[in-house]
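Trainee: Dock chain B against the given chain A, drawing on the hints supplied.
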Amino acid sequence: DAKTTQPPSMDCAEGRAANLPCNHSTISGNEYVYWYRQIHSQGPQYIIHGLKNNETNEMASLIITEDRKSSTLILPHATLRDTAVYYCIVRSYSGNTPLVFGKGTRLSVIA
Amino acid sequence: DGGITQSPKYLFRKEGQNVTLSCEQNLNHDAMYWYRQDPGQGLRLIYYSQIVNDFQKGDIAEGYSVSREKKESFPLTVTSAQKNPTAFYLCASSPRQGQSPLHFGNGTRLTVT
Numbered sequence: 001d002a003k004t005t006q007p008p009s010m011d012c013a014e015g016r017a018a019n020l021p022c023n024h025s026t027i028s029g030n031e032y033v034y035w036y037r038q039i040h041s042q043g044p045q046y047i048i049h050g051l052k053n054n055e056t057n058e059m060a061s062l063i064i065t066e067d068r069k070s071s072t073l074i075l076p077h078a079t080l081r082d083t084a085v086y087y088c089i090v091r092s093y094s095g096n097t098p099l100v101f102g103k104g105t106r107l108s109v110i111a
Numbered sequence: 001d002g003g004i005t006q007s008p009k010y011l012f013r014k015e016g017q018n019v020t021l022s023c024e025q026n027l028n029h030d031a032m033y034w035y036r037q038d039p040g041q042g043l044r045l046i047y048y049s050q051i052v053n054d055f056q057k058g059d060i061a062e063g064y065s066v067s068r069e070k071k072e073s074f075p076l077t078v079t080s081a082q083k084n085p086t087a088f089y090l091c092a093s094s095p096r097q098g099q100s101p102l103h104f105g106n107g108t109r110l111t112v113t
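Chains as they are written, first to last, in my numbering: chain A, 1 to 111; chain B, 1 to 113.
A couple of the hints might just be wrong.
What the hints assert, rightly or not - SDA-like mimics (lysine to any residue), calculated; alpha carbons at most 25 Å apart, straight line:
id: 1; chain 1: B; residue 1: K57; chain 2: A; residue 2: N30
id: 2; chain 1: B; residue 1: K71; chain 2: A; residue 2: T97
id: 3; chain 1: B; residue 1: K57; chain 2: A; residue 2: N57
id: 4; chain 1: A; residue 1: K52; chain 2: B; residue 2: R96
id: 5; chain 1: A; residue 1: K3; chain 2: B; residue 2: G58
id: 6; chain 1: A; residue 1: K52; chain 2: A; residue 2: R81
id: 7; chain 1: A; residue 1: K69; chain 2: A; residue 2: R81
id: 8; chain 1: A; residue 1: K103; chain 2: A; residue 2: C12
id: 9; chain 1: A; residue 1: K103; chain 2: B; residue 2: R44
id: 10; chain 1: A; residue 1: K103; chain 2: B; residue 2: V52
id: 11; chain 1: A; residue 1: K3; chain 2: B; residue 2: P95
id: 12; chain 1: B; residue 1: K83; chain 2: B; residue 2: L45
id: 13; chain 1: A; residue 1: K103; chain 2: B; residue 2: Q99
id: 14; chain 1: A; residue 1: K69; chain 2: A; residue 2: S41
id: 15; chain 1: B; residue 1: K70; chain 2: B; residue 2: I60
id: 16; chain 1: B; residue 1: K57; chain 2: A; residue 2: T83
id: 17; chain 1: A; residue 1: K3; chain 2: B; residue 2: A61
In case anyone wonders, no lab produced these hints; they're calculated from the structure.
Chain A with its partners taken away, still in its complex shape:
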């Protein structure tokens, strides 16, 4: 079973920040938080990952709480092309273990 909990759906106005929450209260010390997104009928696309510090790249920012039990993915200026299903996944860094996907959050960006 997936070890994360996400809301099933969210809406965001175009141009505004999209904040996608994820709960991972049972995360262990050697597990990273990964975010992927899947646009309809395509393969999932990697967005960002982190261990305990906040991370930022050209796509998004990842904010991880101090106790590591939850995180938020931030898309700073959402566009219509950001409409997708977003998956939050925890994964051990000790090897190439498979990702376990939940149902994710369906983000709809509205014009």
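Mentor: Using the frame of chain A, we list chain B on its own:
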């Protein structure tokens, strides 16, 4: 460009026939994975391979088989024993060590009638 190629994008078969889905990667990744996705659902792991000539069952391996004879190739056979084979199949790869993310192909949509 490096990446993962799944072919074909759409595949149609009659019930009772085995069918093999292709997955090729030129990323020099050691590990490869097969996932299945049903409408409105997340991805479920079928099989994965961490190194050539070795593979492990995932959560829903029944009715499927794989081989890993070459590092760059990880074909998936959907056998007639798979009761509900119609689905979207996704292949992925990753380096063997460390925290590197998985890279996914764009999937094969299999329809069995």
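Trainee: With reference to the structure, classify each hint as holding or not holding.
Mentor: Hints versus structure:
For the suggested pair B:K57 and A:N30, the alpha carbons sit about 24 Å apart, so the restraint of at most 25 Å is met. For the given pair, B:K71 sits about 17 Å from A:T97 by alpha-carbon distance, which is consistent with the 25 Å threshold. A distance of roughly 34 Å separates the Cα atoms of B:K57 and A:N57; the hinted pair therefore is violated under the 25 Å criterion. At roughly 23 Å between alpha-carbon atoms, A:K52 and B:R96 fall within 25 Å of each other, so this suggested pair holds.
The straight-line distance between the Cα atoms of A:K3 and B:G58 is roughly 16 Å, inside the 25 Å bound, and the hint therefore holds. Between A:K52 and A:R81 the CA atoms are separated by roughly 29 Å; this puts the pair beyond 25 Å, and the hint is violated. Proximity of A:K69 to A:R81 is assessed by CA-CA distance (about 29 Å); at most 25 Å being required, the pair is judged violated. Our distance criterion of 25 Å between C-alpha atoms is met by A:K103 and A:C12, whose separation comes to about 19 Å.
Proposed proximity of A:K103 and B:R44 is supported: the alpha carbons are some 10 Å apart, at most 25 Å. For a cut-off of 25 Å, the pair hint linking A:K103 to B:V52 is broken: about 31 Å separates their Cα positions. With a C-alpha separation of about 23 Å, the suggested pairing of A:K3 with B:P95 holds against the 25 Å cut-off. Between B:K83 and B:L45 the CA atoms are separated by roughly 17 Å; this keeps the pair inside 25 Å, and the hint holds.
A C-alpha spacing of about 22 Å is found between A:K103 and B:Q99, which places the hinted pair at or below 25 Å, so the restraint holds. Taken as a hint, the A:K69 and A:S41 pair is broken in the structure, with Cα atoms around 31 Å apart against an allowance of 25 Å. At most 25 Å may separate the alpha-carbon atoms for a hinted pair to count; B:K70 and B:I60 meet this at roughly 23 Å. Straight-line distance between C-alpha atoms of B:K57 and A:T83 comes to about 33 Å, which puts the hinted pair past the 25 Å bound.
Among the hinted pairs, A:K3 with B:A61 is consistent with the structure: their alpha-carbon atoms are about 21 Å apart, no more than 25 Å.
Checked against the numbered hints given earlier, this structure breaks hints 3, 6, 7, 10, 14, 16; the rest are met.
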